[in-house]
Amino acid sequence: MAAALQKLGLVVRQGPGNGRGDREQVDFALAAAAMEIELELFFLGEGLLQLIDTRTADPEHGVPPGHRAWAALPEMTALRAFAEDGVVAQWQGQGISLLLPVEPLSAAEMNARQLECHRMLVL
Amino acid sequence: MSILLIVHASPWGSSLANTALRFALAATLEGHSVAAVFFHGDGVYNAIPGRKTDPGAHDLADAWAQLAESHATDLMLCSGSSGRRLSVADIDHAPPGFREAGLVEMLSVMESCDQVVSF
Numbered sequence: 000m001a002a003a004l005q006k007l008g009l010v011v012r013q014g015p016g017n018g019r020g021d022r023e024q025v026d027f028a029l030a031a032a033a034m035e036i037e038l039e040l041f042f043l044g045e046g047l048l049q050l051i052d053t054r055t056a057d058p059e060h061g062v063p064p065g066h067r068a069w070a071a072l073p074e075m076t077a078l079r080a081f082a083e084d085g086v087v088a089q090w091q092g093q094g095i096s097l098l099l100p101v102e103p104l105s106a107a108e109m110n111a112r113q114l115e116c117h118r119m120l121v122l
Numbered sequence: 000m001s002i003l004l005i006v007h008a009s010p011w012g013s014s015l016a017n018t019a020l021r022f023a024l025a026a027t028l029e030g031h032s033v034a035a036v037f038f039h040g041d042g043v044y045n046a047i048p049g050r051k052t053d054p055g056a057h058d059l060a061d062a063w064a065q066l067a068e069s070h071a072t073d074l075m076l077c078s079g080s081s082g083r084r085l086s087v088a089d090i091d092h093a094p095p096g097f098r099e100a101g102l103v104e105m106l107s108v109m110e111s112c113d114q115v116v117s118f
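Note that the protein sequences, when read in sequence, are chains P and H. Anchor point for the first sequence: position 55 equals 54 in numbering that gives the first Met the number 0, and the numbering is continuous, going up by one each time. Anchor point for the second sequence: position 95 equals 94 in numbering that gives the first Met the number 0, and the numbering is continuous, going up by one each time.
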């Protein structure tokens, strides 16, 4: 018997500037948030670049607007965002501002949190 | 067991889309229900029929449509992804069984399925 979808884990691996797919990661998260599904976002590798606060939309040159929608998610649903601990520390040291508060996790800690999600999707 | 497949892979570039189809066929042979296949991102290109294939290879669009017909599998094309990649003509000429659907609808299907498998 299927269980209610209470907590959804999304792994975001694709960075911005991904051509036609640039908005699709945040669209996925927004759809889940609109249904008030609790979200846990795991930003891996280039995926964390999606959250850089200082990006500027430039549709004429292939950078579509809408990336700041990540910042709206906490207003819509319960959400926690995670990234690889080494990268978070490095970016914090460089003063890089992100659209969401991101918690650093080791690989083992990420695996443990993902096992607690009712469903996991890799985007 | 009811299964939702999510296909991100296009029919070219990798064998993942073909693997997804083979997984779906194997699951149905084992008596499981593939309730729906949600094509997201480049996965929507699976709906384009009529491409030349090597001997023995599937025309994926037709193969997905046969799965839909024989096992009542809902073939859902992400409306956002298809809008960004397919023309209106592409969507109109997709084999029977394919239809556009939103992410919210897919999440509702996810809630009712026992397993979700992504390719």
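You may find that some hints are simply not true.
[Claimed, not checked] Derived, one-sided and incomplete: chain P residues facing chain H with beta-carbon distance under 7 Å:
1) Leu4
2) Asp26
3) Ala31
4) Ala56
5) Glu59
6) Arg112
7) Leu114
8) Cys116
9) Val121
It should be emphasised that the hints constitute simulated quantities derived from the structure, not laboratory data. Heads up, the beta-carbon is just placed ideally off N, CA and C, and yes, glycines get one too.
Structure-based check of each hint:
no.: 1; hint: Leu4; result: 4 Å, holds
no.: 2; hint: Asp26; result: 6 Å, holds
no.: 3; hint: Ala31; result: 6 Å, holds
no.: 4; hint: Ala56; result: 16 Å, violated
no.: 5; hint: Glu59; result: 17 Å, violated
no.: 6; hint: Arg112; result: 18 Å, violated
no.: 7; hint: Leu114; result: 15 Å, violated
no.: 8; hint: Cys116; result: 11 Å, violated
no.: 9; hint: Val121; result: 6 Å, holds
Of the hints listed earlier, those the structure fails to meet are numbers 4, 5, 6, 7 and 8, in rising order.
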